[in-house]
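Undergrad: First residue of the sequence shown? That's 1 in full-length UniProt numbering, and the numbers climb one at a time after it.
Hint data in this document are derived by calculation from the structure and do not stem from the laboratory. Just so it is clear, the structure is predicted and the values come from calculations on it, not from any experiment. Hints are supplied without guarantee of correctness; some may be wrong.
[As the list claims (entries may be wrong)] With a straight-line cut-off of 27 Å between C-alpha atoms, the simulated DSSO-like cross-links for lysine-lysine are: (1) K1048 with K1066; (2) K968 with K991; (3) K934 with K914; (4) K834 with K748; (5) K600 with K632; (6) K1073 with K1048; (7) K292 with K310; (8) K662 with K452; (9) K863 with K834; (10) K950 with K763; (11) K186 with K950; (12) K311 with K374; (13) K941 with K763.
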Amino acid sequence: MTLSLDMNGYSDVIRKLRGNSNEVMSGLEILSNLLIFGGGSDLGKYNVQELCALLVNVIRSNYTLKHKELSGLCIHNLIETLPLSSKFFIISNVITVVNKCILDRESNDLVDTCIQILNSLSKISPGTIGEKIGIECFVSCFDILCPATQRVSLQTLINVANELLVPSYSDFIVNISHIMSTCDDKTLPLATQSFILVLRTTKPTFVPREVAHDLIISLPKVTDDNNTVFLLKALQVILNTTNSYDLFLENIDFFNNICYNPNTIQKRTEIVGIVLDFILSIVPPPNPPLPKFLWPYDKKTVTNTNEFTKKIQPLIINLIKDRLGSEDKAISALTATLCMNQPPFDQEFVTIILGISQNQSLIPNVLGMLLYLKDLAPFAANGFLNTVDPKNQLPNQRNWVNKTLNKLRKRVGIKAETISLDINIKTMDDVINLASQNLPPFELISNGVATKLTKFLTTSFLPRTLPEPFLQALQIIADQMKISLTFYQLPEEVDPIGEDFDTFSDFGYPIDIIFEDHTFKDISVDLTTDLVAIEAWVNQQINPSMVNEKNLKRAMNRSDMSGIIYFQEQKVRSCSTFGYLARSFGLKGYKEFTFSLDGKVYPALEPFWHVLTTAYDNIDSLLDNHPTFVLKVGDCQRPSRKFRDILPQNYGIPLALLSAIKNIAPTVDCCSNQISNLMLQHLSCPSMSSSLYNEAVNLFYSHPFLFNFESRFIAFLISSLDMPTVLHTVETQLTKVSDDRQKAKIFKMKVHANRNKIVEDGKKILQNLPATLRIDVDFVGEMGFGIGPTQEFYTLLSREFCRPIRGLWRNSDPESEFVYSPMGLFPSPVANPKEMRLFGILCARAIAANCLIDVPLSESFFKYITYNLKKKQSANQVTIDDIDPTFASSLNDKEGLIGLDFTYPGLPNLELKKGGKDIEVTAENVDEYVSLVKEFTISGKIKDVMRAFKDGFSQIIPYDSLSLFSPKEIIILLCGSTEKWTKEYLAANVKIEHGYNSNSAEINNLFEILSEMNDDERMNFVNFVTGSSKLPIGGLANLRPKLTIARKDDGDNHLPSVMTCTNYFKMPAYSSKEVMREKILFAISNGRGVFSFS
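Produce the entire structure from the sequences given, and follow the hints as far as they go.
TA: Now the structure itself:
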């Protein structure tokens, strides 16, 4: 129902609002209904200034509470419906009027409404609110607001403070810190942001002790890395100013909670460093004292810290074991605690300390700690004290190090049993014997044993099948080398450009452009764009009469893409968008360019950032240069990415040994989750990791076997795709920015596909749309949009490539609707390279869009591209046995081949040689026949077909980036993974809302039903909800948006329904588990294939 208001009706409302109390109420009710039921826009036809003044007057005057509440609702709804009315409300002094209502607390409902009014105004004129009333009303009545309005109140405060910060705001620092320490998790991010803003108006000397107490309570719950670091630093200043470190004595859990907060992984090293500063400000200094360069901390003012010192010691030990950074501070803090308590140290801790001592700058810290240890035997037994050379220390420390070493050696005396490491490795038995000694990594590396072992493994002739004891020994040594790699911390990087989308897109990079006789100087280019933006801009400069939006629209109407892309739906706001559309529609007069820079040529679809980082060897050089691009009409292939031969310092020896082990014994597990997590932390600087300037990202490519699949996938996205995707990946996968704070924007063009013409429309999209352009698909005549229909588009189109009529794949079942091969699909000798190139584009598009295809490819397909296309012969090359063992076996039965003709088996029209149909296979020529069949199967034209796939794929993603994955893993990238669901797994990865909660009986029944499903049923359910039969990498945990279950207000006679665009499953509250199972199985079997089922 929609109400409307003509001029007479509007005049009547004004008349009533001028009348007595009853008339005013009548006028308010008419206006309220009008605004609620959608007729408020009619008011834009009239001068509403008097209406605004009358509404404010109702709240200001002595009307009843009901009058004021209804008038407040009208004001709020009118501002939301007609934003221009806000200026008239401000003129009518609404800000001070509603501020008085809030402070007077006339009623909770009225206060709530007044907060909503100020929130609406704060989006339009926040500075005016700050000038007139400040921020008092947003915090003084916080306790009487409902949770939702509490968040609105804080958001309004943030809007105001972002526009206008004044010293008087500091009067409310205590109020806001108390809100932080007592509010719920949903409100905390807003409370934190409010506190940070107000803190900037406050002098540290004026911050009371109770604020520090509130921060200690609330900080472990903060989920934003940057806010946590800022608040910790603020807390440090407050504690120093108020001398309040004693607050920690009663809040010792703070330290563990803040250091191991799962939401602050990316800044954990910095956080741990600050926390250790707190600890060092509390624990008593070592006695006897250490020199100033080891204990530079101020004298303590906190008393009675003995109990704290004992309790904090296990955390310090864990921080050292977990390699969370700031080892110098951690060892100093541990040293201080040793004077109070001597814990038993296990071999893991000893190994880590010895590993830390590989960093020469930390040797004084380690020696200082050993001075206070009663039992030196674990540290002395490995010869560590004899390997330290004082000459490697700073001049002011050498004398102390030398004296300390002598003192420690004297303490150990003859009790120290130094292990002799004069080990020769000449046989496999020597390796087995070495592993049995279980030497710490430190000893294996520092005494040259690891180097000897590497030489043995790389130069010795070992049997093809290695004995099990030898493999076990290699596994033990590999585990030690993995531990050693965790000893060496990479330096923290600060991105020289910035870490979010706004910073990158605002960073104008200056270039010069030359095209024929045109020269353009100092053109500022957005770092997140493709070269096509420059192409479009140049076209608009040199031919504005032809290359313009009006002609673009005409070109669309003439294009065969007109039914797929609707011009009116596209927002041509950027040069990139214009360029994409001009290429798609074949705009007359629009020139397509190649771009030359320093001797290399790039296509227009190459990301601008990739071009710069290929041209320059380091970030400083990139930022200091002012390049000149030379444009020519034409097109070219994308160049391969340039991986850089830069590895972290000190990694050489363990990496060489691990590589040697992996090369001769692929089954040895060289993957480390700890190394994976450590290196991921160093990928969060977008400009460094996406450019391959970063040591960590190059380590992923040079030694992928070190890293788990999930971390390699993140490295792949960051290093191989466009900058918007890189920034989005950093936000969602690394810094874990919440959905409402994500800034990275990936441009997607809306396209329409006809389900009944999926091949025709799909090929038009693949052939005509620029390959790097992301798309958002919907199906003609259907309601769905977003990720669900887009996923189904990729699923349906990919299946079409598997029909026998396409001739792309070897087929063991000619009668089937889709081709089949027991080993997975591999190209047919008659495959069309052009079709395979389109399939390559489809595969790369799907990966870039985080979608899946439905093609059962063989591992040999990707193995062939990796090894068989190279000129150098390799033992890893694909053979016919890999593709089709039965077929290979038949070729070995030469007697069974006699009598055939010289055509390819199963393809009677494909002659193996000229006139082959008329040539019979005989005992004399059977070897020639077998040789030709093998050539047609894995050589010759197949190479052209495979190159076509690689070229198509590389239009979007550099194919070399797939070197991070095995062939089996590439198939998971493309086709998704399967997983077993348990009730616990579902509870952890499914969102429940709107009528259900985690304790609902219906949810328990649903999880039981899902966990009991067989593979086909689970596939159908996933397809029903998401539009794809497979889940993305990582399964349900990585499905975006998350699978959400909501209640549907229907009974047993109704089926569940879905919104695939949001992975939303709506289910009635069925009367029993049996009814629920029946309805779900029916729906998932019959409700797929159309996006109007909801």
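Undergrad: Now, for every hint given, state plainly whether the structure supports it.
TA: A quick look at each hint next to the structure:
1. K1048 with K1066: Given that 27 Å is the threshold and the Cα spacing comes to 5 Å, the pair holds.
2. K968 with K991: 31 Å, violated
3. K934 with K914: 17 Å, holds
4. K834 with K748: 26 Å, holds
5. K600 with K632: Holds - the C-alpha atoms of K632 and K600 are around 13 Å apart, at most 27 Å.
6. K1073 with K1048: 16 Å, holds
7. K292 with K310: 24 Å, holds
8. K662 with K452: 16 Å, holds
9. K863 with K834: 21 Å, holds
10. K950 with K763: Roughly 18 Å between the alpha carbons, so the hint for K950 and K763 holds.
11. K186 with K950: 47 Å, violated
12. K311 with K374: 20 Å, holds
13. K941 with K763: 23 Å, holds
Violated hints, listed in ascending order, are 2, 11; each of the other numbered hints is respected by the structure.
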